[in-house]
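Q: Each chain, letter by letter, is given below.
2 protein chains.
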Amino acid sequence: MVNRPFRKLMRVEAALRLSFGSVETVKGIERVRIERALGRVLARQIVAKKYLPPHDIAVVDGYAVRSIDLRHPSRKPVTLRLVGRSKLGELSRIRIRRGETVAVATGSMVPRGGDAAVMIEDTKMRGGNRVEFRESIKPLEGVTRRGDDLKPGRVVLERGSRLRPEDIGVLKALGLTSVQVVRRVRVAILSTGDELVNKARRGDSAKTVDLNRPILKGMLRELDASVVDLGIVKDDEAAIRAALRRGLSDADLVLVTAGSSVGNSDLVSRCIDSLGKPGMIVHGVAMRPAMPTGVAVIEGKPIVSLPGFPVSAVFAFRVFVRPLIAKLVGAPDTHDPTITATLSERIHRIKGGRTFVRVRVKKVRSGYVAVPVAAQRSSILTSIVDANGIVTIPESVSQIDAGTKVWVTLTGAVS
Amino acid sequence: MVNRPFRKLMRVEAALRLSFGSVETVKGIERVRIERALGRVLARQIVAKKYLPPHDIAVVDGYAVRSIDLRHPSRKPVTLRLVGRSKLGELSRIRIRRGETVAVATGSMVPRGGDAAVMIEDTKMRGGNRVEFRESIKPLEGVTRRGDDLKPGRVVLERGSRLRPEDIGVLKALGLTSVQVVRRVRVAILSTGDELVNKARRGDSAKTVDLNRPILKGMLRELDASVVDLGIVKDDEAAIRAALRRGLSDADLVLVTAGSSVGNSDLVSRCIDSLGKPGMIVHGVAMRPAMPTGVAVIEGKPIVSLPGFPVSAVFAFRVFVRPLIAKLVGAPDTHDPTITATLSERIHRIKGGRTFVRVRVKKVRSGYVAVPVAAQRSSILTSIVDANGIVTIPESVSQIDAGTKVWVTLTGAVS
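Here the protein sequences line up with chains A and B, keeping their order.
Taking my numbering, the leading residue of the first sequence gets 1, the next gets one more, and so forth.
Taking my numbering, the leading residue of the second sequence gets 416, the next gets one more, and so forth.
In isolation and in its complexed conformation, chain A is listed as follows (with noise of 0.2 Å):
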């Protein structure tokens, strides 16, 4: 008649391994140069087709040197002649003869004949052009050999890998210009509820802002996902149906945000049940915030229903659409920044399930300190505004004590 209550909490993760089951890697692939490669995910494994360095280095500062020529210089120092300097850029046509050495610097080529290089700390000028030596060196000392770092053949990433700025290096390195990455997630988002609009608006005071739009959309670019906005849709069966569809057409994954009229939160049910199977497959999760979460499949692609509150929506994002995400692109979840901190004051578990502390994390003498927050409750919004951080308290915890060190998943920067 009016709002069913969710009476059996599923717990997170019966819930997460649920939706999972039915959820597979998007197919789609393209082509990017590795200068907007940043941050994607690796479509095939990168195999190295070169040898780096593609030559012996020196990693140190001094003299490139035959290594028997310096076989016995404890007894008597050994003087080498200088017959050139890396500075010339003629490295490649130098060739260190008996007797020789070469001047070179940390990462230039050690020219052919030489095989260790000597700090320059271990060495004296004796006029322009001799060098005296007074320890021996093994072969291959201060030297970095050619394919040291790749060879031919060599697994250099794996399919899955997002692309970190080293990555990109090492496929420069590898003198690859473009990558095969898969295609961004698609992400629907759509806000449902009468009361929802845009703006407010004055003489309108009954209505809400919607703000879970806006946040989504933020969260969803920070994890490099494209997003199909598809606004807010009323309290209408047709209308939420026609969204949701479209959503599922364009889309990997469709966000539906609940609105605060009553009934919503099983009319939306009520529409993606009829969309196809399984249909709703979690009806509300035994955690706080974010405890009405839903998740439904159809055909292999997952919708998830969010609360309304934003607090609560930023969980429900948290806890499963993040690694929904991950899952879709194929590449392993992200882990968020944390800290240990001690607890300034006693926190207690909220019945039904696994809680969300939402702290403020500050820096003292000792270490941290973790405050939680004045207001807890889903409905407001500065109860993640003011925060930095979140404790989470498990199912099998029924409080934490005040002087506990906890660890603290951190939210926001710690000043």
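Think of the hints as simulated: they come from the structure by calculation, not from any bench.
Bear in mind the structure is a predicted one, so any value in this text is a computation, not a measurement.
By construction, the Cβ of each residue, glycine as well, lies at the ideal position given by its N, Cα and C atoms.
A portion of the hints provided could be inaccurate.
Pulled from the structure, derived: some chain A residues nowhere near chain B, Cβ distances all over 10 Å [unchecked claim]: (1) K8; (2) E13; (3) F20; (4) V32; (5) Q45; (6) E135; (7) G153; (8) R183; (9) A206; (10) S261; (11) R270; (12) I339; (13) E395.
Estimated spans, in silico, between C-beta atoms of each pair [to be verified]: (14) B/G782 x A/R346: 33 to 41 Å; (15) A/R346 x B/R446: 39 to 47 Å; (16) B/Q814 x A/R154: 47 to 55 Å.
Chain A is fixed; fit chain B onto it per the hints.
A: This is chain B only, laid out in the frame that chain A set:
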């Protein structure tokens, strides 16, 4: 004559303190629409000018009531007349009178007259428009009052906040359409060295492809900085000086990476010192990799001289450039994701300072294990590409044994 070795290495903290001393937050401010403000840093404090929520709202699915009507229901159930539903969207025009109730959903407005909301589970429908209540309720129960989230005058976000999705949400809730943010930090990058090229060319085997600029560009993009790419500059005093001067005039920070030709490092330091005061203030830092990191300040603008090997440049960036950019933009430095893992084998500090050991973190049944990558030399690019984490060995520790629980700073995904 040739390269001067870094004899007096400065400890990391001392070098950071010195580098930070003469650097100030950039002055420029720009106004951006909130849709484009994600990740930007607020230049002005945000103070609420509205009430949030703008009216009392229900935080349960159920019935808005006058709590006085339910004063004694435990003696005898109270039945109230249902006079409206939030579904109708007419809540602002309804007034709850004695003996009346209105159906509400989580988030919907509580009509005038109502001062509490009862969960649907604690009620019973009696016919089509009568609701039975068996429990008493206190005023304000089940309700978040107008202004409980924000009241006019309350500071919402401090200057220096880097805007997160939830912050965009609260700006939207306040009715703001744009905000003033600190302009992006501009960072000039140049690589020096006769041996450097942008692309490998056949038959030019002593040349080195410049990997540092592509890697630095990626790292700067991740920090939302603008890049002024000054390209590769030959080992020529006039050319280097001209490039540095352009960097200082066009950017807030200049990053110059050392070439691997003999004398390059001296040459770059000399060029920097010739540009103004105080010039080079840090010549080498007691850390491995990236020991040859230098820092200069020219009339308040920092120049960081990065070692030539990409691995070293990445560490110099992490330790020096990232916090400098945070200071320039006026925001706290970001935290890295960290986890604790069991070290798979003994690791040693390298003589000469704090040592960053690159590891591959793997998930195992009991938690995480950190396996040092095989090659730790800074000449080996795959030492960072293969790694997804860093274990830091502080100056006071000479080794860490296998089996020790260590903190790992994550640099990539863990699978």
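Q: Work down the list of hints and note, for each, if the structure agrees.
A: Against the structure, the hints come out as follows:
| no. | hint | verdict |
| --- | --- | --- |
| 1 | K8 | holds, 13 Å |
| 2 | E13 | holds, 16 Å |
| 3 | F20 | holds, 15 Å |
| 4 | V32 | holds, 14 Å |
| 5 | Q45 | holds, 13 Å |
| 6 | E135 | holds, 15 Å |
| 7 | G153 | holds, 14 Å |
| 8 | R183 | holds, 19 Å |
| 9 | A206 | violated, 4 Å |
| 10 | S261 | violated, 5 Å |
| 11 | R270 | holds, 15 Å |
| 12 | I339 | violated, 7 Å |
| 13 | E395 | holds, 20 Å |
| 14 | B/G782 x A/R346: 33 to 41 Å | violated, 28 Å |
| 15 | A/R346 x B/R446: 39 to 47 Å | holds, 44 Å |
| 16 | B/Q814 x A/R154: 47 to 55 Å | violated, 30 Å |
Of the numbered hints stated above, those contradicted by the structure are hints 9, 10, 12, 14, 16, listed in ascending order.
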